[in-house]
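Peer 1: What follows is each chain in one-letter form.
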Amino acid sequence: MTTVESAIGTTNTMVLNMGPQHPSTHGVLRVLLELDGENVISAIPDIGYLHTGIEKSCEDKTYSQAITLTDRIDYLNPLGNNLAYCLAVEKLLGLEVPKRAQYIRVMMVELQRISSHLVWLGTHALDMGAMSIMLYCFREREEILKIFERFSGQRMMTSYIRIGGVAVQPPAGWREMVKRFLDMMPARIGEYEAILTENRIWQGRLKGVGYLSPETLIGLSTTGPGLRAAGVAFDNRKMFPYSSYEAFEFNVPTRTESDCYARYLVRVAEMRESIKIVRQAMDKITDEGPFKAELPGVIPPEREKMKTEMEALIYHFKIFTEGFSPPPGEAYAAVESPRGELGCFVASDGSPKPLRVHFRGPSFVNLQALPYMVKGQLIADTVACIGTIDIVLGEVDR
Amino acid sequence: MTQLANANGSVVAEQLRAWNGEAVKQVLEHRGETTIVVPREMLRAIALQCRDNPALKFNLLSDATCLDRFPVEPRFELNYQLVSLERRDRVGLRTSVSVQHPVVESLVPVWPGANWMEREIFDLFGIRFEGHPDLRRILLPDGFEGAPLRRDFPVEGKR
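Sequence lines, in order, name chains D and E.
The first sequence begins at 1 in this note's numbering and counts up one residue at a time.
The second sequence begins at 1 in this note's numbering and counts up one residue at a time.
Hints may be right or wrong, so weigh each one.
[Claimed, not checked] List of simulated lysine-lysine pairs, DSSO-like, C-alpha gap at most 27 Å:
| hint | chain 1 | residue 1 | chain 2 | residue 2 |
| --- | --- | --- | --- | --- |
| 1 | D | Lys-284 | D | Lys-179 |
| 2 | D | Lys-353 | D | Lys-276 |
| 3 | D | Lys-99 | D | Lys-238 |
| 4 | E | Lys-57 | D | Lys-353 |
| 5 | E | Lys-57 | E | Lys-25 |
| 6 | E | Lys-158 | D | Lys-238 |
| 7 | D | Lys-61 | E | Lys-158 |
| 8 | D | Lys-99 | D | Lys-305 |
| 9 | D | Lys-179 | D | Lys-61 |
Please keep in mind that the hints were generated in silico from the structure rather than gathered at the bench.
Bound-form chain E, shown alone (with noise of 0.2 Å):
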C-alpha cells in the first residue's frame, strides 16, 4: 500500500520545499521508491527546479507516462522518472491532470528527450503537451480517433 512518508522523507521534498513551499503536495514513499506529487502549474518550474538545482542534478529524464484512473476525478495521473547521474539517485515526479482540461506543460525545454515520450501520451491518451514543438501522433496512424490507452477505450478496439 502507498504510504505517505514523513515531512522530510528525502533530499528532493527538502529542496523543493525550500525553494517553494508550494511546490510538495505529498511526498510517497513506495517500496524504495521515492515519489513526488507536485501541482501541475509548477510542472516544468520544478523540472527546471530538479536539473539545474547543484543539490539535485537530475540531469536525465529517463521515463514519461501518464496512469488513467478512470472512473476517478482527476483520472490521469503523469509519471516522470528522473535519474541523476552524478548523485547515483532516483526520483519520480507526479502530477494529476483532469479529463475535463488535459493540458500540461511540456518538459521539453527542460530535457529535449520528453518530446517522443510526450508525443506518445499525446497520441495514446489524448493529453496535450503546451509548449512541445511537435506535438503530432507518433504511433497511430493520423486518422485514428479517441484515445486507446484511456481506460473506457475497449481493448478489443471500437467498432
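If we strip away everything but chain D, and leave its shape as in the complex, we get (with noise of 0.2 Å):
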C-alpha cells in the first residue's frame, strides 16, 4: 500500500489522502494527491478494496454456475458481463446461438447501457454540483429496471444472458413495455442536455479539463467513450462485431477534444445510438422462436421435454450436478461494455470446472489515465476526471 510517507515528494509539496470513503470517488478508489497549493502534481490511484477474487472463484464453480459471479463484477452492466462470459464459453464450445437469442441479447445489453450511462450521468452531475439530474436520470434507469424485472425476475444480478442463448423466453406484454420506454427516452435525454450541455456552469467545469492525447490514450490501452473523445472510433461492435451487431444500423459517436466536456457528449449521444439499436432488435425479435441453442449436455432441455423423455431427464442431472466439459483450450471474447472493452478469457482443461476465468475490466485499465490526466491540474478538476472515467470498483477490484 502507498503510505502518505512514501508518496511524499519535497518539502514544499502536500500530501492529501482522497478517498477511499470520499463520495467522488465512486465507491471505494483512494487517491493519494501530491499538491502544491491547489494544483496537483501528482496523483496515486490505490484500489483493492473491494477485491473479493471472483476470478479465483470462478474456478470453483461449473461453467454454469459461475454465470452468477460475473454478474456482481460490472454491478452497473450484469448483462454485458454475463455476455462476455457467455460468448468466451460458447467460443470454447464452438457453439452456434440462435439469432432470436442473439437479437434478444443485443436489445438487453443496449438498455443495459442506457441505463448505465443514465447512473454515471446522474452521479457525475452530482460530483459537479448539479443535483436533480440525478434525480431525473434515476428515475430513467428505475423503468430499465423494472423492464429487466419483467425478463428475469431480477432488477439487477439478472443472469439473464446463459451459455447457448438467454434464461427464459421474453415475458408477455414485452414490446409495450420496452416501446414506451423508447418513446419516452429522446424527449428525456433531451431535458437532460437542455439543463447541462448548455449550462456555463457545467462548461466551467468539464470544457478543456483533462485532456490527454489520442496516442497517449491508445498507449495507455484506454477504450471505450474516453477513447472516442479523442476522435478514434474504436468500439468492438463496429470493429470486431459480435452477437450479430454487424446487423444493426448505427453511429458510433466520436468527438476531437478529448477532455471530460467530449466525453460527456460522446456518452449523450451514445445513450440515442443505443435507443435506435433496440427499436432495431424489436423489430429482429420475432414472437415465436427459439431463446437458446440445442446442444444436449451442455444446455438445459425444455421442462415440457424432460416430463416425457428420459434423455431429457437424465442430461438435466448431469448439467445441474456434474456440469458439462469444454475441450481443452482457450478463447477470449471481448465486448463493448459501457466502459470499454470488456474482455473474457477462459480457459479449459476439459474438466467441467473453468481452469482459468479471467476478466479484462475496461474500468480496471481505464483507470491507469487518472495520473496522467490531473497533473498539473486543480484538485477539483481530479473529481471530474475519476467522474468522467467512469469507473465502477467492482469492477476495478474484482
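Make one complex out of these two single chains by using the hints.
Peer 2: Rendered as C-alpha cells:
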C-alpha cells in the first residue's frame, strides 16, 4: 500500500489522502494527491478495497454456476458481463447461438448501456454540483430496471444471458413495455441536455479539463467513450462485431476535444444510438422461436421434454450436478461495455470447471490514465476526471 | 481442441518470421483466434516488432493475463491480446514461464498500459516483470502471503 510518507516528494508539497470514503470516488477508490497549493503535482490511485477474488471463485464453480458471479463484477453492467463470459464459453464449445437469442441479447445489453450511462450522468452531475439531474436519471433508470425485472425476475443481478442463449422466453407484454420506454426516452435525454449542455457552470467545470492526446490514450490501453472522445472510433461492436451487431445500423459517436466535456457529449450521443439499436432489435425479435441453442448435455432441456423423455431428464440431472466439459483450449471474447472493451478469457482443461476465468475490466485499465489526466490540474478537476473515466469499483477490484 | 495451423497461417507469424527466424515457436489457430507462441527471452523485442512493423501496427495492448497449468512445467502461460486499430485485427501472444524462474520482460516500455495489468499478474500469480517501473501489489494488501490465483492455492484461502 502507498503510505502518505512514501508518496511525499519535496518539502514544498503536501500530500492529501482522497478516499477511500470520499463520495466523489464512486465507491472505494483511494487517490493520493501530491499538491502544491491547489495544483496536483502527481496522483497515485490505490485500489483493491473491493477485491473479492471473483476470478478465483469462478475456478471452483461449474461453467453455468459462474455466470452468477460475473453479474457482480461490473454491477452497473451485469448483462454485459454475462454476455462476455457466455461468448467466451460458447467460443470454447464452438456453439452457435440462434439469431433470435442473439437479438434478445443485443436488446438487453443496449438497455443496460442506457441505464449505465444514466447512472454515470446522474452521479457525475452530482459530483459537479447539479443535484436535480441525478433524480431525473435514476427515474428513467428505474424504468429500465423494471424491464429487466419483467424479463428475468431480477432488477440488477439478472444472470439473464446464459450459455447458448438467454434464460427464459421474453415475458408476455414485453413489446409494449420496451416501446413505452423508447418513446419516452429521447425527450428525456433532451431534458438532460437542456439542463447541462449549454450550462455555463457545467461547461466551466468540464471544458478543457483532463485532456489527453489520442496517442497517449491508445498507449495506456484506454478504450470506450474516453478514447472515442479523443477522435478514435474504436468500438468493438463495429470493429469486431459479435452477437450479430453487424446486422444493426448505428453510428459510433466521436469527438476530438478529448476533455471531460467531450466524454460527456459522447456518452449522451451513445444513449441515443442505443435507443436506435433497441428499436431495430425489437423489430428483429420474432414472437415465436428459440431463445437458446440446442446441445444435449450442455444446454438444459425444455421442462416439457423432461416430463416425457428420459434422455432429457438425464441430461438435466448431469448439467446441474456435474456440469459440462468443454474441450481443452482457451478463448478470449471481447464486448463493448458502457466503459470500453470488456474482455473475458476462459481456459478449459476438459473438466467441468474452468481452469481460468479472467476479466479484462475496462474500468481497471482506464483508471490508469488518471495520473496522466490530473497532472497540473486542480483538486476540483480531479473529481471531474475520476467522474468522466466512469469507473465501477466492483470491476476495478474484481 | 487446439490445433496447429499450417506454417504461414497468419500475416503476423509471417512478418515475425521474416524479422527473426527464432521469433515464432508455434502458431495456434483456435475458434478463429490466432495465438503466436513466442520464446520468453524475446518477448519485448517481439512486442516492439508487433507495434512498430508497418505491416502489423498492433498499437493497443488490450489484455494481459496469466494461466497456471499446475502441475505441468513450465506451468505459467502469459497471454497478451493485441489490437491493431488501423488494420482491424487481433492477435494473441503467448509465452511460458516456469515456477523456478518466474521472471519475464515487462512490456511497459512498449505499451504504458501494461503497467497495471502486469502488477495484477505479479500480485495474483507471483510473476516478476523485469524493467517494470513500479512493481507493487495492486489488489491485495501488502502483508498478504502467497499468490492466490495459482492453482495450488486453496479457494477457501490458507488458514
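Peer 1: Run every hint past the structure and note whether it holds.
Peer 2: These are the hints, each one checked on the structure:
A distance of roughly 14 Å separates the Cα atoms of Lys-284 (chain D) and Lys-179 (chain D); the hinted pair therefore holds under the 27 Å criterion. The hinted pair formed by Lys-353 (chain D) and Lys-276 (chain D) fails the criterion: a straight-line CA distance of about 39 Å is larger than 27 Å. For the suggested pair Lys-99 (chain D) and Lys-238 (chain D), the alpha carbons sit about 18 Å apart, so the restraint of at most 27 Å is met. For the proposed pair Lys-57 (chain E) and Lys-353 (chain D), the alpha carbon gap of about 37 Å is over 27 Å, so the pair is violated.
Under the criterion of a C-alpha separation no larger than 27 Å, the hint pairing Lys-57 (chain E) with Lys-25 (chain E) is consistent with the structure, at around 21 Å. Using a Cα cut-off of 27 Å, the hinted pair Lys-158 (chain E) and Lys-238 (chain D) is violated, with the two alpha carbons roughly 45 Å apart. For the given pair, Lys-61 (chain D) sits about 19 Å from Lys-158 (chain E) by alpha-carbon distance, which is consistent with the 27 Å threshold. About 23 Å separates the Cα atoms of Lys-99 (chain D) and Lys-305 (chain D), which keeps this hinted pair within 27 Å; it holds.
A C-alpha spacing of about 38 Å is found between Lys-179 (chain D) and Lys-61 (chain D), which places the hinted pair above 27 Å, so the restraint is violated.
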